[in-house]
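Q: Okay, here's what each chain looks like letter by letter:
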Amino acid sequence: MGSNTVIKRILKKTRVIILIIALVLSLFAIQFLIVGNTGVAIRTITKDSAAAVAGIASPRTTQPMAREVIVALNNQDIDTVEDYFTFTEDLKINQSISVKTVNRKFCFVVGCLVNDYNTYRLKVQPEYEIIVLNETESVEITEQVFNETLNQTLNITTTEIRNKTIKNVLGPEDIGFSVYPAPSNNLRKGLDLQGGTRVLLMLEENVDAEIMELILDNIKQRLNVYGLTDIVVREVKGFTGTGDQYILVEIAGVSSEEIRDLISKQGKFEAKIGEEVVFIGGKDITYVARAGDQAGLEYGSCGPVSEELYTCRFRFGISLTPEAAQRQADLTSVLPIVVENGQEYINESITLYLDDEFIDELRIGAELRGNAVTEIMISGSGSGVDEQSAANDAIVSMKKLQTVLTTGSLPVKINIVKTDTISPTLGEQFIKNIMLVGLLAIIGVSLVIFIRYRNLKVSIPVIITMLSEVFILLGFASLVGWNLDIAAIAGILIAVGTGVDDQIVITDETMKKAIGESHLNWKQRFKKALFIIIAAYSTTMVAMLPLYFAGAGLVKGFALTTMAGVTIGVLITRQAFAAILEELVKK
Amino acid sequence: MNRKERRQLLKEKQISNINIEQHKDSSNKKRGFFQRIYEDEYKKLIFIPFTILLVAIILIVMNIAQTGEFVNKGFSLSGGTAITVVADNINIDLIEEHLESNLPNQQISIRVLSEAGVARGFIIESDAQDNGEEIINELEKLSPGIKDSDNLSVTTMGSSLGDSFFRDAILAIVIAFIFMSIVVFIIFKQASPSLAVILCALSDIIVTIAAINIFGIKLSTAGIAALLMLIGYSVDTDILLSTRVIREKKGRVMTRIYNALKTGLTMNATTLVTVLVGIFISQSPELKQIFTILLIGLVIDIINTWIQNVGILRLYLERKNTPNNKKIIGAEKVGE
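Protein sequence lines correspond, in order, to chains A and B. The first sequence lines up with residues 1 to 587 when you count with our numbering. The second sequence lines up with residues 588 to 923 when you count with our numbering.
Worth flagging that the hints you see were computed from the coordinates, not collected in a lab. Backbone N, C-alpha and C fix where the C-beta goes; we use that ideal spot for every residue, glycine too. Please note that a few of the clues may not be correct.
Said to hold, decoys possible - Residues from chain B that face chain A, not an exhaustive set, calculated with beta carbons under 8 Å:
(1) Ser688
(2) Asn689
(3) Asp755
Stated by the list, open to error - Simulated crosslink set (PhoX-like; lysine-lysine; CA at most 20 Å straight-line):
(4) A/Lys432 / B/Lys849
(5) A/Lys167 / A/Lys220
(6) A/Lys527 / B/Lys875
(7) A/Lys13 / A/Lys457
(8) A/Lys105 / A/Lys92
(9) B/Lys836 / A/Lys528
(10) A/Lys92 / A/Lys283
(11) B/Lys776 / A/Lys528
(12) A/Lys12 / A/Lys92
(13) B/Lys805 / B/Lys660
(14) A/Lys123 / A/Lys100
(15) B/Lys805 / B/Lys630
(16) A/Lys523 / B/Lys837
(17) B/Lys907 / A/Lys528
(18) A/Lys527 / B/Lys837
(19) A/Lys528 / A/Lys12
(20) A/Lys523 / B/Lys836
(21) B/Lys776 / B/Lys836
(22) B/Lys837 / A/Lys528
(23) B/Lys836 / B/Lys907
(24) B/Lys776 / A/Lys527
(25) A/Lys413 / A/Lys220
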């Protein structure tokens, strides 16, 4: 019998056909490119940046291969992240850049079937340093308002008193892309492997599902306001004792202290006169000025406090609701006026608190007494070892405060219980290392199998099955969008290890002749092997199930991959292995 | 008992006596020393795993008496900080000395991360949750620029989360164990073989935990996962053994055991190879701990399955096949 006919017969087996279909589907899901991918994928677009102005949107999909990839800037090929940075290093203000991007669809082993090219034109914007002056100016603001009685749009011009600002051009602004090497497959690398920040927050008191939703939204919004979109924010639970509620926040690529600070703040902002609350963050505030407008460093406020401590002050404008403005008017109308440095003030100041911590004190000019003003300047300070770092600190504090004021406060206090900042270099090393471990493990297992059976007809199907299992499992992971982290990789190893064990059981059960079982046909012997396999499978499944629910989701990935892996094994690969073995060995 | 039944019984007895004779004939010639001990002295052999189990329990109790915990918890279970640094040229003594002299009041441990013996970086662990910044600042003094580089990973774990994770994990292990026991009972439907499997898995875990303590391993979240994996792996070989011995009727019990042993040891060998590769090559401390715990557990499982579980099964079969077992004295040695 020629080997061709054997292979033909194997390929006609239903169980083998199912395996092949599973492998093809996995290929579709992983979209595996052997030759790699060129260009840099867009992770996020900074708000109001040149890129955002040009109409490029932050990616909405989390599928790695479906993300927009920059392939050329000004017709200059961009192959790597280094290319991108070299190009963007010396840009000039008002320089025009054409950005060529591609959306790749259905990529397989060598190439992509559809390449959707797009070209954007963007202009490099200047970066400003904004200094807010104490002098005020009146600004005419023209708004288009739709008048219902006249049934037409009218231009209404109002005059507003504002603080004057100075704009100093610092240089060209970043064009607003956050990029990473274009992925060459759809496997989602977990934070362990790609680097980033992971924060686990615990709620101080338990809340119901609705409020939890609110909190999750708020945190997401804060991060979005900050310009981060490649994020995961979800609830996780432990199952013992207190039934604590946790929120997991994962931010790929970036790791920064301020972000951790930002999401863990309850964000309870209060402005008080004396003990009376005038207005609070969120509902009393209708508008918060952002960078580029009425927000920046206070003129001449930077300077040394002591030899090693400099401070800088920031200020930014907000608009209050009429109710809050009225409340302020009512409170100030009864207060006496004092004179300081030749200027008249109300004797009490507005004090600002964030999460019950004092931020700053605002003097109120005498002319505002009893006036329901809606425009208010909020101020605060930052410090550092020199003037530059003090200015930076002030700007960072301002951004945080602006974000918190925009998004409002969380209904409960939250605490950081676990933080991980993972270096991308370490992640890269881990991937290489794990691939080496996997390769050597497969070689080692193959050797053991060959030594035990001394028969290629057994060893080769074992190795093929082992590799198929890894591939189908990875395909499944890309399909359902799992993040592959260290725990998930351990799960894959376990699943494949169990798979090899089962194949040994199948081989030994079906090939043994010694115990006078020659009266059993192949099917009956496979059935006996299957009994052991199903029994072992059931115990593994029930052992992993509690782990899925335990420990604030820290080992969920591990439980999930193990369970999926052994299930795929029992349903698909082990069946196919038995079918192949039957054809090859049956006499 | 009527006459027909009596005759049947007598016939069976004769057959079994013949079997015993044949067995004795063939065995004494070919069997090696270890084989003879393994086949004939199984009742005495059972004492080995039981002694190990007893010693393990004593060691764990001593650990509880000394530390209040039955395992030594790593920073991911007790709370603390870990800083991982990727670096090629590492002078671990220098770093240790520097940290000790500059941060004298802190419990800091430092380990090299290596891949196949080549150092790739190092990891600093501390029990405190708030000294990450300080340690990094000290590292910055040793190697300027490291603070803002891409080579630094920092993890802090709150002790409350560590505690609740540990409670969860213990509960997960207990529930997994109960579920597993139920499944085993459903599979074998007989009390003794099922209990043998469960006892084997239980001793695996207990002895492994004792061994972890002896080797000074500090258990991490990944280690807990490894203990659960161990339940799965341990039960696999036991199910194989029990199925071959209890459910199959053909052939001698010893032959069936040897068949199971051959399959089981091949299974263990493939797992062992993977685990050894993992221990020597893998760089991630989490994976390394998983593999180390699996290696320990695997070795213990080999003893527990092929001595303890085999012994219990043979005792069980012996009792079951000789309802009035005092009458057939010769059968005791063979276990048929």
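Q: Hint by hint, note whether the structure agrees.
A: Here's how the hints hold up against the structure:
1. Ser688: At 24 Å from the nearest chain A Cβ, B/Ser688 fails the 8 Å test, so the hint is violated.
2. Asn689: Not OK, violated: B/Asn689 not within 8 Å of chain A, min 20 Å.
3. Asp755: holds, 4 Å
4. A/Lys432 / B/Lys849: With a Cα-Cα distance of about 35 Å, the restraint between A/Lys432 and B/Lys849 is violated, given a limit of 20 Å.
5. A/Lys167 / A/Lys220: Violated, at roughly 31 Å.
6. A/Lys527 / B/Lys875: violated, 37 Å
7. A/Lys13 / A/Lys457: holds, 17 Å
8. A/Lys105 / A/Lys92: violated, 35 Å
9. B/Lys836 / A/Lys528: OK: B/Lys836 and A/Lys528 at ~13 Å, within 20 Å.
10. A/Lys92 / A/Lys283: violated, 42 Å
11. B/Lys776 / A/Lys528: holds, 17 Å
12. A/Lys12 / A/Lys92: Violated: A/Lys12 and A/Lys92 sit about 65 Å apart, past 20 Å.
13. B/Lys805 / B/Lys660: The given pair, whose Cα atoms are some 5 Å apart, holds under the 20 Å limit.
14. A/Lys123 / A/Lys100: Between A/Lys123 and A/Lys100 the Cα gap is close to 14 Å, so the pair holds against 20 Å.
15. B/Lys805 / B/Lys630: Given pair B/Lys805, B/Lys630 is violated - Cα atoms ~36 Å apart, limit 20 Å.
16. A/Lys523 / B/Lys837: Holds, at roughly 18 Å.
17. B/Lys907 / A/Lys528: With Cα atoms ~23 Å apart, B/Lys907 and A/Lys528 exceed 20 Å; violated.
18. A/Lys527 / B/Lys837: Holds, at about 17 Å.
19. A/Lys528 / A/Lys12: The given pair, whose Cα atoms are some 24 Å apart, is violated under the 20 Å limit.
20. A/Lys523 / B/Lys836: holds, 18 Å
21. B/Lys776 / B/Lys836: holds, 16 Å
22. B/Lys837 / A/Lys528: holds, 14 Å
23. B/Lys836 / B/Lys907: holds, 14 Å
24. B/Lys776 / A/Lys527: holds, 19 Å
25. A/Lys413 / A/Lys220: The given pair, whose Cα atoms are some 16 Å apart, holds under the 20 Å limit.
Checked against the numbered hints given earlier, the structure breaks hints 1, 2, 4, 5, 6, 8, 10, 12, 15, 17 and 19 and satisfies all the rest.
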